[in-house]
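Just so you know, the sequences run in chain order W and D. Residue numbers for the first sequence follow my numbering, beginning at 3 and rising by one. Residue numbers for the second sequence follow my numbering, beginning at 284 and rising by one.
If you're looking for bench data, these hints aren't it; they were derived computationally from the structure. Every residue gets a Cβ at the ideal spot worked out from N, C-alpha and C, and that includes glycine. Mixed in with the good hints, there may be bad ones.
Here are the computed lysine-lysine pairs in the DSS-like style, where the Cα-Cα straight-line distance is at most 30 Å [to be verified]: (1) D:Lys340 x W:Lys39; (2) D:Lys300 x W:Lys73; (3) W:Lys58 x D:Lys294; (4) W:Lys39 x D:Lys300; (5) D:Lys294 x W:Lys105; (6) D:Lys300 x W:Lys7; (7) W:Lys7 x W:Lys105; (8) W:Lys56 x W:Lys70; (9) W:Lys58 x W:Lys73.
Pulled a few chain W residues facing chain D out of the computed Cβ check, cut under 10 Å [as the list claims (entries may be wrong)]: (10) Pro11; (11) Ala43; (12) Gly45; (13) Leu49; (14) Ser87; (15) Phe91; (16) Asn98; (17) Leu101.
Here are the in silico distance ranges between beta carbons for each label pair [unchecked claim]: (18) D:Ser341 x W:Glu44: 23 to 31 Å; (19) W:Pro84 x D:Gly299: 39 to 47 Å; (20) D:Ser349 x W:Arg63: 37 to 45 Å; (21) D:Glu351 x W:Pro81: 42 to 50 Å; (22) W:Arg112 x D:Ser356: 26 to 34 Å; (23) D:Val295 x W:Tyr41: 37 to 45 Å; (24) W:Asp61 x D:Ser310: 25 to 33 Å; (25) W:Pro113 x D:Asn293: 38 to 46 Å; (26) W:Val80 x D:Gly311: 30 to 38 Å; (27) D:Ser341 x W:Ser54: 17 to 25 Å.
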Amino acid sequence: DQQVKQNSPSLSVQEGRISILNCDYTNSMFDYFLWYKKYPAEGPTFLISISSIKDKNEDGRFTVFLNKSAKHLSLHIVPSQPGDSAVYFCAATGANSKLTFGKGITLSVRP
Amino acid sequence: GAGVSQSPSNKVTEKGKDVELRCDPISGHTALYWYRQSLGQGLEFLIYFQGNSAPDKSGLPSDRFSAERTGGSVSTLTIQRTQQEDSAVYLCASSSSVTNGYTFGSGTRLTVV
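Take the sequences, apply the hints, and build the full model.
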């Protein structure tokens, strides 16, 4: 039972354009959401997070949007750079502090 | 050290053998997690240690899997009688607070032949 879903396995965008990575969740008890970035042969690294009391959090080129009613969040990267090419995982947690991850999406940014 | 350290980085073992995977978390992090990533899959939760509390073992896939955390620091994940489906990258993470995000190690790539 996938509680965190990243339905698209991959995304390819042109350098300089916007990348939009989507994530859906089913557990209404989740109240904190995170995005992680993973390069090959490395562990995932924390990118950005958002609490359920907010609908937007911005950090430089990265913005995460949360739509609680739709149980949907998205990560926007503007402008996209070739170095952003990686696997991006959406994750969610509730009171137990245990992160539940999606399957990830492979982003390719074309020069 | 500055980060989460895992050893070995790669392990090839024969089916039926036992393996031990080690994790050194960031000093002072009270929470330690084990996840695994199988080919084409997301990060699958295995076990979670928080301070002196009883660990959350709800993600361990079978009784062949066990983990311990000694002295609130180093953790060892043991897989007994390994099977080919155990082949995956095993990732350890530690945190001081989930709102600060987990810090992951580089993982141990386990291959059971």
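Hint by hint, here is what the structure shows:
1. The hinted pair formed by D:Lys340 and W:Lys39 meets the criterion: a straight-line CA distance of about 26 Å does not exceed 30 Å.
2. A distance of roughly 43 Å separates the Cα atoms of D:Lys300 and W:Lys73; the hinted pair therefore is violated under the 30 Å criterion.
3. A threshold of 30 Å between alpha carbons decides the hint, and for W:Lys58 with D:Lys294 the separation of about 42 Å lies outside it, so the pair is violated.
4. This hinted pair does not check out: W:Lys39 and D:Lys300 have alpha carbons roughly 33 Å apart, beyond 30 Å.
5. The suggested pairing of D:Lys294 with W:Lys105 holds, with an alpha-carbon distance near 24 Å, which does not exceed 30 Å.
6. For the proposed pair D:Lys300 and W:Lys7, the alpha carbon gap of about 35 Å is over 30 Å, so the pair is violated.
7. With a CA separation close to 7 Å, the supplied pair W:Lys7 and W:Lys105 stays within the 30 Å bound.
8. Between W:Lys56 and W:Lys70 the CA atoms are separated by roughly 9 Å; this keeps the pair inside 30 Å, and the hint holds.
9. Note on W:Lys58 and W:Lys73: the hinted pairing holds, with a Cα-Cα distance of about 14 Å set against a maximum of 30 Å.
10. Interface hint at W:Pro11: satisfied, since its Cβ lies 9 Å from the closest Cβ of chain D, which is below the 10 Å cut-off.
11. Here the hint on W:Ala43 is kept, as its CB sits about 7 Å from the closest CB of chain D, short of 10 Å.
12. The interface hint given for W:Gly45 is met, as the beta carbon of that residue sits about 3 Å from the closest beta carbon of chain D, less than 10 Å.
13. Annotation: W:Leu49 was flagged as interfacial toward chain D, and the flag holds, the nearest CB pair being 8 Å apart, inside 10 Å.
14. With its C-beta approaching chain D no nearer than about 18 Å, W:Ser87 sits outside the 10 Å limit, and its interface hint is violated.
15. The beta carbon of W:Phe91 is positioned within 10 Å of a beta carbon in chain D (closest approach about 6 Å), and the interface hint is therefore held.
16. The restraint placing W:Asn98 at the interface with chain D holds, with a minimum CB-CB distance near 7 Å, inside the 10 Å limit.
17. Contact between W:Leu101 and chain D, as hinted, is supported at the beta carbon level, the nearest pair being about 6 Å apart and thus within 10 Å.
18. For the pair D:Ser341 and W:Glu44, the beta carbons lie near 27 Å from each other, so the given range of 23 to 31 Å is met.
19. The hinted range of 39 to 47 Å is satisfied by W:Pro84 and D:Gly299, whose Cβ atoms lie roughly 44 Å apart.
20. Remark: the range hint 37 to 45 Å for D:Ser349 to W:Arg63 is upheld by a beta-carbon distance near 43 Å.
21. As the Cβ distance of D:Glu351 to W:Pro81 is approximately 47 Å, the hint placing it in 42 to 50 Å holds.
22. Separation of W:Arg112 from D:Ser356 is about 44 Å and departs from the stated range, judged on CB atoms against 26 to 34 Å.
23. In this structure the hint that D:Val295 and W:Tyr41 lie 37 to 45 Å apart at CB is violated, the actual value being about 23 Å.
24. In this structure the supplied range 25 to 33 Å holds for W:Asp61 paired with D:Ser310, their Cβ-Cβ distance being about 26 Å.
25. With their beta carbons about 32 Å apart, W:Pro113 and D:Asn293 fall outside the hinted range of 38 to 46 Å.
26. Separation of W:Val80 from D:Gly311 is about 36 Å and conforms to the stated range, judged on CB atoms against 30 to 38 Å.
27. Distance hint for D:Ser341 and W:Ser54: a CB-CB separation of about 23 Å, consistent with the stated range 17 to 25 Å.
Against the hints set out earlier in the document, violations occur for numbers 2, 3, 4, 6, 14, 22, 23, 25.
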